[in-house]
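*Asks:* Chain by chain, the residues run as shown.
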Amino acid sequence: MAYVLHPTGNKGGGDPSHAVIQLKPDGTYVLLIGAMDLGQGAPTILRQVAADALGVPIEKILVSNYDNLLPLSVSTSGSRVTLIDPHAVVNAAEDLKRQIREWFAQQHEANPEDVEIEGETVYVRGDRERTVMTMEQVAMGAAWGGGYEPASLIGRGAWQPGKYHAHDPETGEMPNVGAISFGAALAEVEVDTETGTVDVLRFAQVWEVGKAINPLLVRQQINGGYCIGAGFALTESCYPYFPSVEYAPEKMGDYFMPTFEDYPQQMIFGIEEVPHPNGVQGAKGFSEGSASGPPPAIASAIHDAIGVWITEFPITPEVILRALEAKQAGVES
Amino acid sequence: MTQYVGQAMPRYGGIGQVTGTTKYVDDIVLPGMLYAKCLRSPVHKGIVRKLDLSAAEAVPGVVGTLTAADIPGQNLYGFSGDQPVLNNEHLRYKGEPIAAVVAVDEDTCMEALEKVKLEIEEQEPVFDMLEAIKPGAPIVRPGTTHNLLEFFPGVTTRILKLGDVEQGFAEADYVFEDRFVHNVQDHAPIEPHVSVAYWDAADQLVIHTVSQMPYFHLRYLQPIFNLPLSRIRYVGGVIGGAFGAKNDIHADHIAGLAALKFRKPVKYRWTKREDLSYSTKRGAWVFEYKTGIKKDGRITARHIKQWHDTGAYGALSVYAVEKCGMFAAGAYHIPNILVESQIIFTNKPIASSMRGFGVINGQTCVEVHMNKIAEAIGMDPWELRFINAWRDGDQGVTRYTVQGAGGLEAMKKLAELTGVQLPDHLMAMSSRRR
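Residue numbers (our numbering), protein chains in the order written: chain A, 1 to 333; chain B, 1 to 434.
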């Protein structure tokens, strides 16, 4: 088994994200945030967060996330987006609602505190009948003016998990860590002692993610992390004949990444939720960590199978056979 | 009221990827678009003595070439600020870009590259980082006397420490040591590095990028192009996988420089072969672990040494090694921790970020180490972890405080899902209290 962690957010903090939510003239919304999508689904979860923060159907929100005309999100790396960007989105949604209340109060000669936004309906508390408007009417009135005062209803939000703290030069002290996620993994393997090949029969991995904003994407990340981790554990090497570098893989056919054929016969996924104080609804990132569980779990299962501890990665058939030979010769690997 | 957070929803825009309608950067084709290809170092280490591009420029269809002299700003970039865009002096790794050819198509570029007259004085390279730190080893960086990265002037070992490991080892009943070796891994995303650059009607340099961190990369690109942000439009898109490979610029600088010089749209893309051979990697790593432990399973001290091979340039290795070091002792309550880290230059391609930065490397070591310790002291590996696992309020090596801990909860869930029967005293444990 293996019990691993993954920090979420850039090392030392100071890695903000910014978001803008614009109310379009027809009552729909555009969420602008510079969070690149590498396939992991940043716009998917940020749209979910925005829909909840605005209290509107998710179909009303378009996400635009790739252009330097958009607000800065430091990077899509370090498993930081799920922890940080939702705060920027929620802050932008709150700012937009504040502006809507102010504009609405101005139109109806009321106090902004008395303006109620119920999803796509806006009214002055205690005077609903006379004042109620749909968000589409609000959007149209603010955008086109006409009988109303025009206003640019654009919410802004920024957030970072604390100011940057450099390492102390002598002790390395750096107290700021955004959040930490936790994983646990268990592998069952079969080792062919004649060829040295390892077959992962069953693999289980659980991640404690604070709050799974989208459990489907969490599961897919655990799945993808398995492939990277299993490749690191068993097959992937840019220099299979190191210290010679003269033979190096030049095409995908010589660089052995796990494929469907190498996938375990049984894969068990688990999600655990311990809400994190720094996360929106407790959510924190974890994705990169899902590659951490497989290498130590697989290496330990190999020991269980053949009685040899292997501490060199990747554990190629050659490494296995050499370890078995050494064991037979009575020498500890 | 929560409505969408917590729901399993399909990927936004995912339908385009599964039906083949999503446009990736390499799908962009513009009228009059030119292509670029780099002349790469054929040697692992050497000095360029002659670079004559005239025959390449004479090939029909070639529009021109790019060398260091064509760079309007500085010929250096990267997270460590030490990588030349085009290097025609001291070459540090096989595949390092020396110059570029720009032509009407890639075949013409390749034909022209074969006509370049390049003379290199080859030098003895070093590939093994542990050889590279021995006295008399070939020096990777010209003008220096050793191959160790300096975290600060004169400081080549980064120290992270909590408590006093010597005291912790003195308190221990047993001490265990292990050594780990990790080889080099490539990200191997389906989409190789690619960039398209052109001038738009507002005289703005538009670059279509596959960057994972556009705002960081703009900070590298601006000094190369010598342009303010108001004159660069940096457009990302759907990225065909990255895994950390696209935290480093591989194509935008070359495409941008070609567009600057020739005032035409330019596409520059790496082949898969170039990508596997010469792009950034998860670098090689060597670790030594030493742990002091009491008979009852409590860990008293952990001392970790790590050596990281950054290849020819620094890139994100400092970040990866420090991040690895912050978490390499594992998610355990250990009062005394010392992590000593060194980063070593070799003549391999550049090591930089890859999924998890260095954290995955450290977690791999610590968990094999823990299983070996469990076996050696005759304790169940689950119990060893439950005893030592972080609870809220515990501190890591750099004095960060653990909040919202969930390690025990994750392990209990794993046991439940896999039919492992844990004894009651372990099931009663919680991350909320020790």
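The set of hints was computed from the structure by calculation and includes no laboratory data. Careful, some of the hints might be misleading.
Here are the simulated lysine-lysine pairs, PhoX-like style, with alpha carbons at most 25 Å apart [stated by the list, open to error]:
no., chain 1, residue 1, chain 2, residue 2
1, B, 294, B, 161
2, A, 327, B, 261
3, B, 23, B, 134
4, A, 163, B, 372
5, B, 372, B, 305
6, B, 50, B, 23
7, A, 251, B, 272
8, A, 327, B, 50
9, B, 413, A, 60
10, B, 261, B, 161
11, B, 50, B, 261
Residues of chain B placed beyond 10 Å of chain A at every Cβ, according to the derived structure [stated by the list, open to error]:
no., residue
12, 19
13, 72
14, 145
15, 233
16, 330
17, 428
If you want the footprint, here are the derived chain A segments under chain B, 3+ residues with CB under 8 Å [as the list claims (entries may be wrong)]:
no., region
18, 148-162
19, 307-321
Glycine included, every Cβ here is placed at the ideal spot set by N, Cα and C.
*Asks:* Hint by hint, say whether it matches the structure.
*Replies:* Going through the hints against the structure:
Our distance criterion of 25 Å between C-alpha atoms is met by residue 294 of chain B and residue 161 of chain B, whose separation comes to about 21 Å. Pair hint residue 327 of chain A plus residue 261 of chain B does not hold up; C-alpha atoms about 63 Å apart against a cutoff of 25 Å. Proximity of residue 23 of chain B to residue 134 of chain B is assessed by CA-CA distance (about 50 Å); at most 25 Å being required, the pair is judged violated. With a C-alpha separation of about 39 Å, the suggested pair residue 163 of chain A and residue 372 of chain B falls outside the 25 Å cut-off, and the hint is violated.
The straight-line distance between the Cα atoms of residue 372 of chain B and residue 305 of chain B is roughly 18 Å, inside the 25 Å bound, and the hint therefore holds. Straight-line distance between C-alpha atoms of residue 50 of chain B and residue 23 of chain B comes to about 42 Å, which puts the hinted pair past the 25 Å bound. Of the pairs offered as hints, the one joining residue 251 of chain A and residue 272 of chain B holds, with about 7 Å between alpha carbons and a cut-off of 25 Å not exceeded. With a CA separation close to 54 Å, the supplied pair residue 327 of chain A and residue 50 of chain B exceeds the 25 Å bound.
A C-alpha spacing of about 37 Å is found between residue 413 of chain B and residue 60 of chain A, which places the hinted pair above 25 Å, so the restraint is violated. Taken as a hint, the residue 261 of chain B and residue 161 of chain B pair is broken in the structure, with Cα atoms around 51 Å apart against an allowance of 25 Å. This hinted pair checks out: residue 50 of chain B and residue 261 of chain B have alpha carbons roughly 23 Å apart, not beyond 25 Å. With 10 Å as the threshold on Cβ separation, the claim that residue 19 of chain B sits away from chain A holds: the shortest Cβ distance comes to roughly 16 Å.
Every C-beta of chain A lies more than 10 Å from that of residue 72 of chain B, the closest at about 20 Å, which supports listing it as non-interface. Against the 10 Å criterion, residue 145 of chain B stays outside the reach of chain A, whose nearest CB is about 22 Å from its own CB. In this structure residue 233 of chain B is not separated from chain A by more than 10 Å, as the shortest Cβ-Cβ distance comes to only about 6 Å. Some Cβ of chain A comes within 10 Å of the Cβ of residue 330 of chain B; the nearest lies about 7 Å off, and the non-interface call is violated.
Annotated as non-interface, residue 428 of chain B keeps its C-beta farther than 10 Å from every C-beta of chain A; the closest such distance is 17 Å. Residues of the region 148-162 of chain A lying with their CB closer than 8 Å to a CB of chain B number 0, which falls below the three-residue condition for coverage. Residues of the region 307-321 of chain A with a Cβ under 8 Å from some Cβ of chain B number 5, which satisfies the need for three, so the listed coverage holds.
Of the numbered hints given earlier, the model fails hints 2, 3, 4, 6, 8, 9, 10, 15, 16, 18; all others are met.
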